[in-house]
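Residue numbers (the working numbering), protein chains in the order written: chain A, 1 to 325; chain B, 326 to 495.
FYI, nobody ran anything at the bench for these hints, they're computed from the structure. Treat the hints with care, since some could be wrong.
[Stated by the list, open to error] For the chain A half of the interface with chain B, some residues (derived, Cβ under 10 Å), not all of them:
1. V74
2. N115
3. I124
4. T125
5. Y130
6. L134
7. W137
8. L149
9. G163
10. A172
11. S175
12. N179
[Said to hold, decoys possible] Examples of chain A residues lying across from chain B (beta carbon under 7 Å, computed):
13. L24
14. V28
15. F120
16. A123
17. S126
18. L127
19. V129
20. I133
21. Y296
[Said to hold, decoys possible] Listing some non-contacts, in silico: residues in chain A with all C-beta distances to chain B over 12 Å:
22. K31
23. E159
24. I195
Note that this is a predicted model, so its numbers are computed, not measured. Think of the CB as a built atom: it goes at the ideal place given N, C-alpha and C, for glycine as much as any other residue.
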Amino acid sequence: MLTVILVLVKGLITAVLLLAAFGLMTWVERKVLARFQFRPGPNRLGPAGVLQFMADGLKLVFKEEIIPTAADRVVYLLAPFISLTAAIVAFAVIPWGPPIHIFGQTVPMEIGGPNIGILFIFAITSLGVYGLILGGWASANKYSLLGGLRSTAQIISYELAMGLAVTGVLLAAGSADLNTIVAKQYHLWFIVPQILGFLIYLVTMVAETNRTPFDLPEAENELVAGYHTEYTGLKWAMYMMAEYINMITVSGLATTLFLGGWHGPWLPPELWFLIKVAAFMYFFIWLRATLPRLRYDRLMAFGWKVLLPVALLNTLATAVWVAVR
Amino acid sequence: MLSTVVFWIAAVLAVVGALGVVTTRNPVHTALSLVLTMLSLGVLFLLLHAEFLAVVEVLVYAGAVMVLFLFVVTLLMAGVKPPREEHRMRLAYQTLIAGLFGLILFVLVLHAMVGANWVSTLAGPGGGTFGSIASFGTALFTRYLLPFELTAVVLLVAVIGVVVLGREQE
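Construct all of the structure, not just a fragment, from the sequences and the given hints.
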């Protein structure tokens, strides 16, 4: 019974923290992007414009809820929920610190610690794809449908390369449990032996979250706004929440798999985890400010013809090295 | 106690999803019902401590196969209305025949279940090795190597077939 309560408490804390992080991320992104572009960014509401995201949230809550007449109501309303739920649930297996001891119990610092941690994240992010394709279809709009299909095709293509890049780490650590993977990086972070896997993961991480330079499906001058064209107010906000929380989840996964998770000297481990995840988030914003976006056919060609063979080679090389060792 | 509650919820949802597949008219709703069934099956696998099997089932079935179903449905059937009542081709008594065959199948499955020798493969708390990655890998590459390789060949044939059939006719 105590385990159930602990899981519920951890789940609640994680969900609240993720949503708060989403709010913070919107402000950080606007400020950092602005600085890259030599302009001040939001600076009117609150110190340095921090409360801007609250104003945006309020505005979105009060927007008119428009549902297209030809839309399939149930699926239309369900799609953003699926995206958001999958994004939050995927974070459940990422350990943000070593196990703590309270109430005489050892509490692992993740919501659930199944010994198939990495695969759980892949399964849940695969489910998150439904939010895109259903949102695109249910809007009864050609542009939405095409945008949704493009996003979905992009994500399922890059999922393959991501899975293979992660398989290298899985082989090197000998376990799919994220706690074990973090523990094995005590002496050497996996970024060093698995540098190729890390680079592949970095590229697929950006493609998975539909961020620039892979955000053609959402580009305004391409398909209006892709799958979320017909979404207003809170439903659109849910899609945005799903996108940012997905970014946080893949950053968390990158930290856990390649940068040693919560390991680090002097500072408390949770703070180290936060710093590493923040570094990846900054990397996302940096990419958005710097790179132009990839044309869709080149994007797909890159994913299938370059990343997938390289990831396969990486997995093969790692498997041979592990078998020989 | 908790596992009984979870089992009943998952079992009911699986049956509801399966019924939804055969009763809905909208093809997208059909695909979504099947996804619900797949997720419920995943939960049932988790209850049996077969975590790897649960995750792989969700990943492959619900996350890849059904997404491809939805691709085809949304691309090809968007805007296609189901034919009106009098134009539909109906086999005579098709509901009755389908129900009869379903009942026969159900009786066969029941007979197989009742006559089976239920040996628990769960070696205590922790679930033993049923459904773990190690046992999967070992079985797949030793005892079931030939079916595994043949499945790979079948998939390759399917891919080649798709490429050949989908190419522009000159």
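Checked hints:
Look at V74 of chain A: its Cβ gets to within about 8 Å of chain B, closer than 10 Å, so that hint holds up. Taken as an interface hint, N115 of chain A checks out: its beta carbon lies about 7 Å from the nearest beta carbon of chain B, inside 10 Å. Given the 10 Å rule on beta carbons, the hint for I124 of chain A holds: about 8 Å separates it from the nearest Cβ of chain B. This hint holds: T125 of chain A has a C-beta 8 Å from the nearest C-beta of chain B, less than the 10 Å allowed.
Annotation: interface hint on Y130 of chain A holds; nearest CB of chain B at approximately 7 Å, less than 10 Å. For the restraint placing L134 of chain A at the interface with chain B, the shortest Cβ-Cβ distance is roughly 7 Å, inside the 10 Å limit, so the hint holds. At its closest, the beta carbon of W137 of chain A sits 4 Å from a beta carbon of chain B; the interface hint therefore holds under the 10 Å criterion. Using the Cβ-Cβ criterion of 10 Å, the hint placing L149 of chain A at the interface with chain B is satisfied: the shortest such distance is roughly 7 Å.
Among the interface hints, the one on G163 of chain A holds; its C-beta lies about 9 Å from the nearest C-beta in chain B, closer than the 10 Å criterion. Of the supplied interface hints, the one on A172 of chain A is violated, with its beta-carbon coming no nearer than about 15 Å to a beta-carbon of chain B, more than 10 Å. Given the 10 Å rule on beta carbons, the hint for S175 of chain A holds: about 9 Å separates it from the nearest Cβ of chain B. The restraint placing N179 of chain A at the interface with chain B is violated, with a minimum CB-CB distance near 14 Å, outside the 10 Å limit.
With a cut of 7 Å, the hint placing L24 of chain A at the interface with chain B is violated, because the nearest CB-to-CB distance is about 30 Å. Interface restraint check for V28 of chain A: the shortest CB-CB distance to chain B comes to about 31 Å, outside 7 Å, so the restraint is violated. The beta carbon of F120 of chain A is positioned within 7 Å of a beta carbon in chain B (closest approach about 6 Å), and the interface hint is therefore held. The interface hint given for A123 of chain A holds, since its Cβ lies 4 Å from the closest Cβ of chain B, which is under the 7 Å cut-off.
With its C-beta approaching chain B no nearer than about 3 Å, S126 of chain A sits inside the 7 Å limit, and its interface hint holds. The interface hint given for L127 of chain A is met, as the beta carbon of that residue sits about 6 Å from the closest beta carbon of chain B, less than 7 Å. For V129 of chain A, the interface hint holds, since its Cβ comes within 7 Å of a Cβ in chain B; the closest pair sits about 6 Å apart. For the restraint placing I133 of chain A at the interface with chain B, the shortest Cβ-Cβ distance is roughly 5 Å, inside the 7 Å limit, so the hint holds.
Because the beta carbon of Y296 of chain A sits about 16 Å from the nearest beta carbon in chain B, more than 7 Å, this interface hint is broken. Every CB of chain B lies more than 12 Å from the CB of K31 of chain A, the least distance being 36 Å, so the non-interface label holds. For E159 of chain A, the non-interface assignment is contradicted: its Cβ lies about 8 Å from the closest Cβ of chain B, within the 12 Å cut-off. For I195 of chain A, the shortest C-beta to C-beta distance to chain B comes to about 25 Å, beyond the 12 Å cut-off, and the non-interface label holds.
Of the numbered hints stated above, those contradicted by the structure are hints 10, 12, 13, 14, 21 and 23, listed in ascending order.
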